[in-house]
Amino acid sequence: MGSTGFDISHFLATIVLICSFALLYQARLLGLIHVFAVQALALALAVAWQAHVQAAPHLYVTAFIALVMKAGLIPYMLRRIVHKLQIARTIEQVVSTNITMLAGVFLTILAIMVVFPAASMETGLEREDLALALAIILLGMLMMITRRNAISQIIGFMALENGLILAASGARGMPLVVEVSVAFSVLIAFFVFGIFIFRIRERFDTIDVDELSAHRGDME
Amino acid sequence: MTALHTMLAGALLLLLIALPSLAWRPAASFRKVYGATMAVSLVLLAVASASLAGGIAQTLVLPMGLVGTGVHLRLDALSSFFLIVVNLGGAITSLYALGYGAHETRQRRVLPFFPSFLAAMNLVVLADDAYSFLVAWEMMSLTSWALVISSREKETPRAGLVYFVMASFSAIMLLFAFGILAGSAGGYAFDTIRAHPISAWWMGAIVLTLVLLGAGSKAGLFPLHVWLPLAHPTAPSHVSALMSGVMTKVAIYGAIRILFDLAAPAIAWWWAAPVLAVAGITALMGVLYALMQHDLKRLLAYHTVENIGIIFIGLGLALAFRASGMTAAAAVALTAALLHVLNHSLFKSLLFLGAGAVLHATGERDIDHLGGLIHKMPLTAFFFLAGSAAISALPPLNGFVSEWLTFQSILVSPQLDQASLKFLIPVIGITLALAAALAATCFVKAFGVTFLGHARSDAAREARETDRFSLTAMALLALACLVIGLVPDITTHLLQPAIHLLTGGTLPAPGHGPAPLSLTPFANGRSSYNGMIIFIFLLLSGGLTAWAVHRFGSHAVARGDAWDCGTPGLNPRAQYTAASFSQPIRRVFGTHFFSAREEVDMPPPGDTRPASIRVRLSDPAWQIIFTPLLRLLHLVVERINLLQRLTIRRFLALVFIWVVILLMVVAAWH
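Protein chains in written order, with the working numbering: chain L, 1 to 220; chain U, 1 to 670.
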């Protein structure tokens, strides 16, 4: 692979990472869903580029799954949920945006510092891809813990999963069956989350997860 | 078929004996089980003795166990010696149980575990890789735990719990010790560990600490001995004998195997200091605890603690001499330790079996409810007296030989180079002398209050002599105590293959001393001991005295009640009790060590209520270490309990923060 191929894959992975930062920054639910769709699109392109440069046709399938599911189906259904529940204007933030962004920068640096020395024998491409993927995973986790709304937590989880797919596609020799099963488990998780959101809303009139703690059985 | 094959087959056979005992009707089957156990133990004893004399190490690797390691077994001089101790104890306690088992009401809870307990102890000694060693070690702990909880007494649940916790602690400590020994390469076979010894001093320090904690808690080093006086008395008496006499020795085997064999290249002179200090404190505290007791089996259990201290003093001395290159002195110290292992297994089994006979005859373990049993159970009394004399280190019995050897090696300690050891070792010697003297006091109390004087209860008044099997077992043990004491040079000579393996030196060959059968620890012949001459002298002078007394005095004897000083009609309650006998010593030591308080309630004249004296003792091991530890644990657990009630988001945050911290550690590592 030439240096152009390296640059392009680096560029696409960085877009995915920047989308993660945008997710952290975005306070409105609809905005979140849109940024997530863009991230999924960038992911699909990154995976497809990997399929091209690695000459691994099964990665096209992964890219296709990412495109259809994550850039199309899931954002569409999340939008429907938001409209149905009429929470499109909700603004929620537990930790202030500035601190979250700073934490995100710190996590990205940490990911690079962890991966670069550990993977020094690998080729440059894989090493940088792995660092970016780890940063995306950490940012997804950060998003899950800084948001209170169930929908933004789902999106955080999906963003985390995007990082996993990016890492998997960068590593040579990852069999298709792993990616397919990951994609399906995400879809199932999405359905479970979706059903729960409706049930929770029906019962408690909110989808703020912190509100639910008061209803736990083990509280004294 | 080699000796090692036979040993392995025997151990597996013991496991098999355990199986059908589940199916047989217990009342009919206990003789079959104990008989078969005794037969197998005798065969194993013979094989182990032959192997110790032959002295060639045999190894065997079985393709099972840990992947890539397999099960390694080894039969060398050291393991042969400990197999002798294990199977001798196993055979004799089985013989005893042939009679004693008839009184056992809960056969099903004892029969399956007794042979498997023996099998586990055999396997611990045979194991030659860390994995099978620890598996056998845990099997030994679990089977003995099952035996401890087989009884239905008030303290059984607490004894079972404390024992379980301490046994787990000891296994975990040994696991870590093997982890350090194996190093990052992770060769868990002992051969691999020997080939790649640890070299850094701090690794040696960690291994030493872990072994003292792991093997020490199993053996009963202060302050980790707390389970021992709870668990040993609770088990049925033949099991108590096995646990106190044999299992603690298997723990010592573990310590010797690791310190003197696997970690041998790292031995440094300062290893001796903590071992000796802990051992000295253990010996003294064990006997002081025992003096405060009036439960016969618990008293014996505390004496086990004391004797473990004496054995570890020998081990500590051997470490010091070995590190300084004084192989002859190291050989003497290690001979003393190993001989005391054998001796203690003999007389402690004998005493526990005697206590079991008393317990069965009277139903009492509290010696303040006994008394006068020498008339009802003369043979048991005689054997118990022999065991008491042996454990009190009276010549010509075996206890004296090993303690004398320990003192001999203490006497050469001024030749060591290190000033701190030059000062420490004499202090330990004085502690040992004090402990030995107090042990004699304690057994005067135990024997005197139990067997002499008047019966203090109806149960003691109506006691019967125990059965023939039990008496035979005790007679054999008493005979062994005497024989080892009479021919000390031969018995120590038989140990020399193991001593040579571990220290590189040996004692001078027999026949070196001034008279036949003299034991001379050092070739330059500074001192020697001859049990036979002392025995002959005792026989002659004792016989002469007896003849003179009967010739000139017997016709004028008027027989009165015991201990009434000529005042007839003495109430049995006016006799010495266990507490009153040990009061002087309690006043000297108890106030400091046990914060003993005496509350005397003396009613004024005219008041008819009885006077009373109440003694309060507190156990320093619990007070200083375990109770604060438990309180701390409670506090921490209550704090941690809050983590069970977090919101989902906080759970996630917790996991996330940990991931980030671990990643930061990884980043900093590079």
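Among the hints, a few may not be true.
Just the calculated beta-carbon pair ranges, DEER-fashion [unchecked claim]:
hint: 1; chain 1: L; residue 1: M77; chain 2: U; residue 2: W202; range: 47 to 53 angstroms
hint: 2; chain 1: U; residue 1: P63; chain 2: L; residue 2: G5; range: 30 to 36 angstroms
hint: 3; chain 1: L; residue 1: G5; chain 2: U; residue 2: W202; range: 49 to 55 angstroms
If we take Cβ atoms under 8 angstroms as the criterion, some of the chain U residues that face chain L in the derived model are [claimed, not checked]:
hint: 4; residue: I198
hint: 5; residue: A200
hint: 6; residue: W201
hint: 7; residue: M203
hint: 8; residue: R649
hint: 9; residue: L652
hint: 10; residue: I661
hint: 11; residue: V666
hint: 12; residue: A667
In short, the hints are calculated from the structure, not lab data.
Where is the CB? At the ideal position from N, CA and C, for every residue including glycine.
**Report entry** Hinted contact U/A667 with chain L - closest CB pair below 8 angstroms
**Finding:** OK, holds: U/A667 within 8 angstroms of chain L, min 4 angstroms.
Report task. Please test the hint of 30 to 36 angstroms on the beta carbon pair from U/P63 and L/G5. Result -> Because 51 angstroms falls outside the window, the suggested range is violated.
**Report entry** Hinted contact U/L652 with chain L - closest CB pair below 8 angstroms
**Finding:** U/L652 check passes; min Cβ-Cβ to chain L is 5 angstroms, inside 8 angstroms.
Query - Interface restraint verdict for U/M203 against chain L (beta-carbon cut-off 8 angstroms) - result: violated, 27 angstroms
Requested in this report: Indicate whether the distance between the beta carbons of L/M77 and U/W202 respects the range 47 to 53 angstroms.
Outcome: Since L/M77 and U/W202 have Cβ atoms about 60 angstroms apart, the given range 47 to 53 angstroms is violated.
Requested in this report: Report holds or violated for the interface hint on U/V666, using the least CB-CB distance to chain L and a cut-off of 8 angstroms.
Outcome: This interface hint holds because 5 angstroms falls under the 8 angstroms limit.
Query - Restraint check, 8 angstroms cut-off on beta carbons, for U/I198 near chain L - result: Violated, about 28 angstroms.
Requested in this report: With respect to the beta-carbon atoms only, verify the hint that L/G5 and U/W202 lie 49 to 55 angstroms apart.
Outcome: holds, 51 angstroms
Query raised in the report: With a cut-off of 8 angstroms, does the beta carbon of U/W201 approach a beta carbon of chain L closely enough for the hint to hold?
Result: violated, 30 angstroms
Query raised in the report: Any CB of chain L closer than 8 angstroms to the CB of U/R649?
Result: Holds, about 6 angstroms.
Query raised in the report: Close enough to count: is the Cβ of U/I661 nearer than 8 angstroms to one in chain L?
Result: violated, 10 angstroms
Query raised in the report: Under the criterion of a CB-CB separation shorter than 8 angstroms, is U/A200 in contact with chain L as hinted?
Result: violated, 26 angstroms
Violated hints, in rising order: 1, 2, 4, 5, 6, 7, 10; the structure is consistent with all others.
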